[in-house]
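K.L.:
Knowing the structure of chain E, use the given hints to seat chain V on it.
First to last, the sequence lines map onto chains E and V.
Residue 22 in the UniProt record's numbering is what sits at position 22 of the first sequence, and the numbering runs on without skipping anything.
Residue 160 in the UniProt record's numbering is what sits at position 160 of the second sequence, and the numbering runs on without skipping anything.
Take these hints with a grain of salt, some might be off.
Claimed, not checked - Cβ-to-Cβ under 7 Å is the rule here; a few derived chain E residues that face chain V:
| id | residue |
| --- | --- |
| 1 | Met1 |
| 2 | Ser2 |
| 3 | Phe18 |
| 4 | Ala54 |
| 5 | Gly150 |
| 6 | Lys152 |
As the list claims (entries may be wrong) - Among the chain V residues that face chain E by a calculated CB cut under 7 Å, a handful are:
| id | residue |
| --- | --- |
| 7 | His4 |
| 8 | Ala15 |
| 9 | Gln46 |
| 10 | Arg58 |
| 11 | Ala60 |
| 12 | Ser136 |
| 13 | Val138 |
| 14 | Val147 |
| 15 | Pro149 |
| 16 | Gly150 |
| 17 | Lys152 |
Simulated from the structure, these hints should not be mistaken for laboratory data.
Cβ atoms here follow ideal geometry from the backbone N, Cα and C, with glycine treated the same way.
Protein chains: 2
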Amino acid sequence: MSAHEAYASNNEKYASTFDKGGLPLPPSKQVAVVTCMDARIDPAAQLGINLGEAHVIRNAGGSAKEALRSIVISQRLLQTREVILFHHTDCGMLTFSTNDLRTIVKNASEGDASVAEAVDQIDFLEFGDLEESVKSDVKFLKENNLVLPGTKITGWVHDVKTGKIRQIA
Amino acid sequence: MSAHEAYASNNEKYASTFDKGGLPLPPSKQVAVVTCMDARIDPAAQLGINLGEAHVIRNAGGSAKEALRSIVISQRLLQTREVILFHHTDCGMLTFSTNDLRTIVKNASEGDASVAEAVDQIDFLEFGDLEESVKSDVKFLKENNLVLPGTKITGWVHDVKTGKIRQIA
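If we strip away everything but chain E, and leave its shape as in the complex, we get (with noise of 0.2 Å):
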């Protein structure tokens, strides 16, 4: 059965009880929660975050960079006023370089030009050190001219092992 199949099913159980239609578009908590994809990471659960409270902003290690679209576009038409960043434990982006990947990708497409033009022009934003890694993301929320003055912005790390969460910027 692929995934889709399975969720598909999940959500029609899900649907049949579901009685928060009404909520509004604006996060309540006026907050944007960024974080990585990981599969370990469960924002809602680990935070108690409510449905209707937060935008959560999830990619490839939790990137403030590449979250920045969002986090406009979350603070000027949806009112958020505060920014909390997660990076976690046994984080992927800990274990390779752009440079291994693009080759890794030019490896496998045997020989194809187009391929290695295209992964050539991406960043993968892996890093080397979890705890600067959230100082680095942080401090360029806080340095940003498109981030609203007077954000409130935290950065964090998720401990994959214990669950828990720890303050670092």
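P.N.:
Relative to chain E, chain V alone:
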């Protein structure tokens, strides 16, 4: 109370009974879910995704284009072979244009030229038709030479009023 204070408190409770610290890095269902950052979306609950099963990529709109970096990492380094893409009803991305948002940001900056220059570099990736946006993003992934051949790719609309999902592509 800031949202991060409430969420840190919730996390203490979560971690106190956490017993899934041994999950591996690669997603067990070999799938990446792409969806919107919207506060009314909770993929784990709405699709019944168990911890460790799936990468979850979220951004404003559920843009496949912005998700590409994460999808390449997901497939090439962490062995996912399926992408399930969701957009949703009442999405903020249906309500503005990139030019509108650039104007809002510029007007709020009181003539700061560096703000104007920065915001003019961002394509906010809005869309005018919900179902078309799903089809277009699925097409983008199916035709992209960085996405592995043979990847199962499906596109869905999530209805925030009913909690139901519906396949579009």
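K.L.:
Take the hints in turn and mark each one as holding or not.
P.N.:
Structure-based check of each hint:
no.: 1; hint: Met1; result: violated (10 Å)
no.: 2; hint: Ser2; result: holds (6 Å)
no.: 3; hint: Phe18; result: holds (3 Å)
no.: 4; hint: Ala54; result: holds (6 Å)
no.: 5; hint: Gly150; result: violated (12 Å)
no.: 6; hint: Lys152; result: holds (6 Å)
no.: 7; hint: His4; result: holds (5 Å)
no.: 8; hint: Ala15; result: holds (4 Å)
no.: 9; hint: Gln46; result: holds (5 Å)
no.: 10; hint: Arg58; result: holds (4 Å)
no.: 11; hint: Ala60; result: holds (4 Å)
no.: 12; hint: Ser136; result: violated (18 Å)
no.: 13; hint: Val138; result: violated (12 Å)
no.: 14; hint: Val147; result: violated (10 Å)
no.: 15; hint: Pro149; result: violated (10 Å)
no.: 16; hint: Gly150; result: violated (12 Å)
no.: 17; hint: Lys152; result: holds (6 Å)
Taken one by one, the earlier hints fail for this structure at numbers 1, 5, 12, 13, 14, 15, 16, listed in ascending order.
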